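Make a model of the complete structure from these sequences and hints.
Residue numbers (full-length UniProt numbering): 1 to 367.
No lab work stands behind these hints: they were computed from the structure.
Any given hint might turn out to be false.
With a Cα cut of at most 27 angstroms, we get these calculated DSS-like pairs of lysine-lysine [stated by the list, open to error]:
#1 Lys-209 with Lys-130
#2 Lys-266 with Lys-41
#3 Lys-159 with Lys-130
Please read these numbers as outputs of a predicted model, since none were measured by experiment.
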Amino acid sequence: MNAIEAQSRIEALFQRTVNRDPLIRNAYFLVHSERLGVHLKLAEGTDLAAPVHEDQPYYIASVSKLFAAVLCARLVEEGLLGFDDPISDYLDPELLRGLHLYKGQDFGNAIRVKHLLNHSSGLNDFFEDKPKGEASMLELIFGNAQRGWTPREMVEWTKTRLKNHFPPGTGFHYSDTGYHLLGMTLVQATGKPYHELLRRHLFEPLDMKQTWFSRYSEPIEQSNGSPPLARLYNRNRDVTELESLSFMYAGGGVVSTTADQLKLMKALVEHRIVGETTLAKMKSERGRFFPGIDYGYGLMIIKPMFLLMPGKYSSWGNMGTSGSWLFYHPETDAYLIGGLNQFRYNRKGLRLMFKAIDILRRCDRQR
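The structure is reproduced here in structure tokens:
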């Protein structure tokens with residue numbers, strides 16, 4: 001199979017995936033491998049609210065955690081904070097008081113920056129953990145669409161409602177609460193707003209002109225001809241403009257295009273945005289997220305696991321609950337980036353990516 005045939009098969013696969021699912025109104029897929037001579041930038045869907053375009057920006061959901069981790073690593077390399085720093089060096093005592101109660105002990109002062117990055121803090125997750133006897137955060141977000149949430153309000157909400165899971169550094173529990181705290185820590189360490197840090201340290205150096213931080217900033221370059229923001233859906237409901245989406249912050253608030261995300265990932269792979277030693281640390285200090293998937297500093301590492309995860313899919317990057325993904329597959333030197341813009345579609349996005357990898361590997365073997 002040559003590169004042209006591989007591209008044709010991936011495009012057909014993408015079209016089938018989108019067209020067979022009526023809940024997917026807009027979807028995006030970029031596949032790039034210089035070694036294989038493959039470059040595809042696709043868009044598919046029949047969303048009447050905003051015509052679908054391959055250069056359209058969309059919410060990247062928890063892929064934003066990769067952005068947060070790379071930003072943090074940049075600031076560490078500049079000496080503005082350290083991975084091992086206690087967050088109590090930066091956050092005020094009132095916020096930390098009662099933050100991490102576990103078996104009668106308060107571990108707030110024991111949380112370090114690295115614990116937030118790799119979800120080893122033991123803190124709750126406001127997105128998935130549910131309080132006893134009252135509405136969950138997701139129910140509040142979609143039930144009271146006009147209620148905005150500041151990062152501090154989100155963290156304060158968790159303190160009296162959600163249970164923590166273990167002392168810092170002793171386990172793994174995915175925590176959006178932790179990434180809110182990470183964003184707040186970076187702000188206090190630098191004295192700059194989070195959206196300004198993203199722009200100054202990532203978006204401007206990498207020429208990511210169509211990427212911004214939702215609710216806080218605008219893209220670097222805007223024109224009347226730019227495609228509008230893609231609509232985001234929760235089942236049949238368009239939730240794009242809900243004020244309550246302000247809850248996403250550092251763990252989910254970035255809007256970007258597939259082309260801009262390629263710029264970031266290539267810079268990361270080529271050690272142009274953080275150094276090789278720093279990237280190795282981000283990958284190595286990790287815990288078990290799911291069988292076959294570990295989680296380092298903002299990076300998911302897909303690894304071989306007998307029967308569950310074949311070694312051919314070994315890659316690293318991140319994915320989000322809206323069916324967004326951003327991964328690098330070393331075997332084929334391929335970058336796979338996309339989004340389905342539908343809540344709870346993370347597994348569907350990952351399956352699509354795996355099928356594309358199968359096609360790329362066949363192309364690679366026959367070169």
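Each hint, compared with the structure:
no.	hint	in the structure
1	Lys-209 with Lys-130	violated (38 angstroms)
2	Lys-266 with Lys-41	holds (16 angstroms)
3	Lys-159 with Lys-130	holds (12 angstroms)
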